[in-house]
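A.B. asks: Join these two chains into a complex; the hints should help.
Each chain, letter by letter, is given below.
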Amino acid sequence: MLVLTRRENESIMIGDTIEVKLLDVKDHQVKIGIAAPRDVAVHRKEVYLAIQAENEQAARAPKSKDLPKLIPG
Amino acid sequence: MRLETSRFGAIDVGEEDVLTFTQPIIGFQDFRRFVLLRGADATEVSWLQSTEAGDLAFILMDPRSVVSDYAVQLGAGELAELAVNAPAELEVFTLVVVPADPSQVRTNLKAPILVNRRQRLAKQTILENSAYPVRFVLAQAGSRPREEVSHARADA
Chain H
1 MLVLTRRENE SIMIGDTIEV KLLDVKDHQV KIGIAAPRDV AVHRKEVYLA
51 IQAENEQAAR APKSKDLPKL IPG
Chain L
1 MRLETSRFGA IDVGEEDVLT FTQPIIGFQD FRRFVLLRGA DATEVSWLQS
51 TEAGDLAFIL MDPRSVVSDY AVQLGAGELA ELAVNAPAEL EVFTLVVVPA
101 DPSQVRTNLK APILVNRRQR LAKQTILENS AYPVRFVLAQ AGSRPREEVS
151 HARADA
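Line by line, the protein sequences give chains H and L. First residue of the first sequence? That's 1 in this note's numbering, and the numbers climb one at a time after it. First residue of the second sequence? That's 1 in this note's numbering, and the numbers climb one at a time after it.
Only chain L is shown next, with the shape it has when bound in the complex (with noise of 0.2 angstroms):
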């Protein structure tokens, strides 16, 4: 199918590229059905784009570019409601808000977007027993240099 985007122009997507969201992002409850999209340049970032309003799409990362450490706690309902049997079929991405200043492009560690792409299913959660920030400045993950946080991996 053809989807007309504000961002991103015409683009075609087929069936089988829609995930369809088991909870919705929150704030958003009339939209369910998104496709994932990945910059044409190198960046890290993917997008969520509606295929229900052209104009509505999201920004994705990876948490774990920032967080080395990142990590969430699902229970066995959670899995179930996205039909995961592995946790290598669980991808976890993060929004990003980008305001006005790029110095405060932030990224929402608390509500992760989970991902069963094989399922074509998603959700957004919230980790309500965790203490990470709904509002995470990435420019305050750079005290660690990405090389020293690899060997120290390595290491352990």
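Next comes chain H alone, as it looks inside the complex (with noise of 0.2 angstroms):
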């Protein structure tokens, strides 16, 4: 992993595209700004975890006997 030092208001460019400023340092608390391309999703890492999880479980969901229909578009 990479490592850097930045103060308050320094940015990281990551690519052409991706910009990750600091924003505010306080106590144990870090405020982060980050500046990306619409198609490039940005989430906190334990809520994209909890939810990559729950998708797993439920993609496990039971056979159906019931013949489904398209839902008119």
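Keep in mind that a hint or two might mislead.
As the list claims (entries may be wrong) - Computed beta-carbon distance windows for the label pairs: (1) Tyr48(H) <-> Ala86(L): 26 to 36 angstroms; (2) Lys31(H) <-> Arg118(L): 35 to 45 angstroms; (3) Glu128(L) <-> Glu10(H): 15 to 25 angstroms; (4) Leu4(H) <-> Ser68(L): 42 to 52 angstroms; (5) Gln29(L) <-> Ile32(H): 23 to 33 angstroms.
The hints are simulated quantities; they were obtained by calculation from the structure and are not laboratory data. Heads up, the beta-carbon is just placed ideally off N, CA and C, and yes, glycines get one too.
C.D. replies: As structure tokens, then:
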């Protein structure tokens, strides 16, 4: 892992399009601003992992004996 | 086209029925194309069936059937991503988990599935700033009968 030291209001560029800016440092909390293209999803990791795990559970849906019908568009 | 599915057997769907996910269902990056199916019975669930993997399907529900005031706040960028011009074009579903214990059937209110059926676009979004839980057990929603809720709404 690349480690960089930054002060408040300094940024890091990731590639040409993603900017990560250190906005505020207080006690044990850091406020970070992220500017990224729309197709780059940005999430808190623990939330992301929780949702990934829940999605995996959701994909284990039981089989249905009922033949489904398409919902008309 | 004809899909061979593990749950429903062979089903015929038109290309115009296929939703393309602009952002994947998290953990399922390789699967971007799904069709919405409704169970033949009168239940309120729908199915999201992958057109790329016959054994990949999710149960969807309308979150408002358990949380009547469920609401999502989306930014302009997200609406543009799904080519939504008017709020009515956007449908909001949540994924359902059906564990062995039926009393623990739950839905993910934190990361709903957004669908613009007209443009055939969809995505799973994460409501980063909401307090909705990832695991909302449906049985816990039964504290208020639905009729009472609809009365309250009419009075408001």
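A.B. asks: Hint by hint, work out which the structure violates, then give me just those numbers in ascending order.
C.D. replies: none
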